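Here the protein sequences come in this chain order: E and D. Using the working numbering, the first residue of the first sequence is number 1, and each one after it goes up by one. Using the working numbering, the first residue of the second sequence is number 1, and each one after it goes up by one.
Simulated from the structure, these hints should not be mistaken for laboratory data.
Each pair may be met inside one copy or between any two copies, as identical chains are not told apart.
Lysine to aspartate or glutamate pairs mimicking EDC-like chemistry, simulated, CA-CA at most 16 Å apart: (1) 196 / 321; (2) 299 / 228; (3) 302 / 333; (4) 3 / 76; (5) 6 / 76.
Given the structure is predicted, the values throughout are model-derived calculations rather than measurements.
There are 2 protein chains.
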Amino acid sequence: MEKLGKQTVKFNNPVTILQTASIVGPKEADGPLAQYFDNCLEDEFWGEKTWEKAESKIIKETVNSVIAKSNLSNSDFDYCFAGDLLNQCISSSFGLRELNIPFLGIFGACSTFVEAMCLASVFLEGGAGNNAICAASSHFCSAEKQFRFPLELGNQRPQSAQWTVTGSGAAILSKNGSGPFITNATFGKIVDMGIKDSNNMGAAMAPAALDTLLTHFKDTGRNPSYYDAIITGDLGHVGKEILIELAQTKGYNIKSNYNDCGVLIFNQATQDTHSGGSGCGCCASVFSGYLYKMLQEKKYKKILLMATGALTNATSAQQGESIPGIAHAVSIEI
Amino acid sequence: MEKLGKQTVKFNNPVTILQTASIVGPKEADGPLAQYFDNCLEDEFWGEKTWEKAESKIIKETVNSVIAKSNLSNSDFDYCFAGDLLNQCISSSFGLRELNIPFLGIFGACSTFVEAMCLASVFLEGGAGNNAICAASSHFCSAEKQFRFPLELGNQRPQSAQWTVTGSGAAILSKNGSGPFITNATFGKIVDMGIKDSNNMGAAMAPAALDTLLTHFKDTGRNPSYYDAIITGDLGHVGKEILIELAQTKGYNIKSNYNDCGVLIFNQATQDTHSGGSGCGCCASVFSGYLYKMLQEKKYKKILLMATGALTNATSAQQGESIPGIAHAVSIEI
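The shape of chain E in the complex, shown without the other chains (with noise of 0.2 Å):
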């Protein structure tokens, strides 16, 4: 691998992303990406006594199917890097104990997908060994009994507000394949431009895309009209339009070949998720299950995906703070 300019590696041996895996909640399973899904649940609980349990399932069973669809076993994965929105990331931590092999947990809120893919393949490309997992997960009950208020309460939320995708993801990346190809890694900064409203997430995390996007298009010399699509995890309705004018007034038309996992997962106009989607669970789904075929089928041949973080809590938000976004993003080239 080498550096291209300050943020960017490229990797000269690329990895391959061998298998990947999704299972979603239902209210994905009605919106216009279910067909591409392994796995669409009847209800939040799967089966479980609490959200949170669900949660570690849905990551549990989605890491056990990639690994079975892979024909690979436990033991050939040198590592597994996973993450999740839950306090202390137990919904990786618990659903991923029995897996037995070697951990990395990780947290960047919502780009914690990418943040894996990333890792993973400086990993692999430097060495470190053959074979990993990515995972990311999220739930709508348990984020929004954590960040947000009680379901219960049936409170009303602003259009600005997206939904937390019931969901999770993951991709194995091998040394060895044919592809498709993970080419480069652009490593995101903080970026906090002083929003405070955890109602407007989009907002918070687009200037952070911004700086990844205008980074990596520095970094490696490419222009939008490379990829045939830039997606972005879960900036939602509210956010892509920021981001294409941001990138607008720096020079960049991302508008024909630009969207977002968080507006394709939901219909905005039937499924009454405001801004759309979001969570690591969106990203992370929507391009192991949707992406990923159309990389398979030849419909996309080079995307960039680029997932943002909002890194924020209820405390902070309690105590006036705002919200610093982050965003990594991979160059996937078949």
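Given the coordinates of chain E, work out where chain D should sit on it, guided by the hints.
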């Protein structure tokens, strides 16, 4: 680098730990290691209005301090790997949001500092950059509030309970330097032996420490006497004794050269800290303050630093879950 056995990476061009810095709170300043820390605070607030903001300030100033001591500038750093115990790791993301360095948030509970060292070592030797910052923090008051009881309640703690360290440690890892070197990293698996008592974290984490310790010896072909010191992160007095016993049953006698950061940082007889220190800041500050100086003064030439984490939260405890543990280890040699 090359893989040794199943879980260890051996670095052939190992990175140097170029510089460290540490800041601790008033309780730690009354302990036996006070003279080794860069800055001992007089109170838990450090001029801030909340404990969370104080913890953010502590990690921020620790990282600023290690950069200043290194004579490098922020633009010389390719990555910052950091994490903490607060929900959604807000101590590190708020404390380090102005760094302007690519940021990779990690969560390994109290194993975070060594997890950061493991990741940074692979990144730098792999060719992804030249310099990285590893940092972690914890705060007694914010941790008690979040994980256990309001401090105002003044409740009694059992003798097996540990005292979360108020403090932070930061280390600069660099491709250029003359040591101390990180020569091996052993990546741990999640181990859950069913312990449910959140006032006995040492017992919950000791099996994970044993697993990583045995794996390290097996992978490297080393035995305990190879090291001048084997140091765990925060097993405390209870967990330390358990690890010694468990290792003995597996044929390894570590009694003579093994100690624990949580045991070292407080005086059990006079400070009412029961089983000893804990928290991400425990291993981070004891390594950055005390152990790094022992290496520089050649009092230790070879140490195995193994940080342990309890992957639990308040909700999982209320839902009757056990406490999964994890441990990551690095060999540090001059």
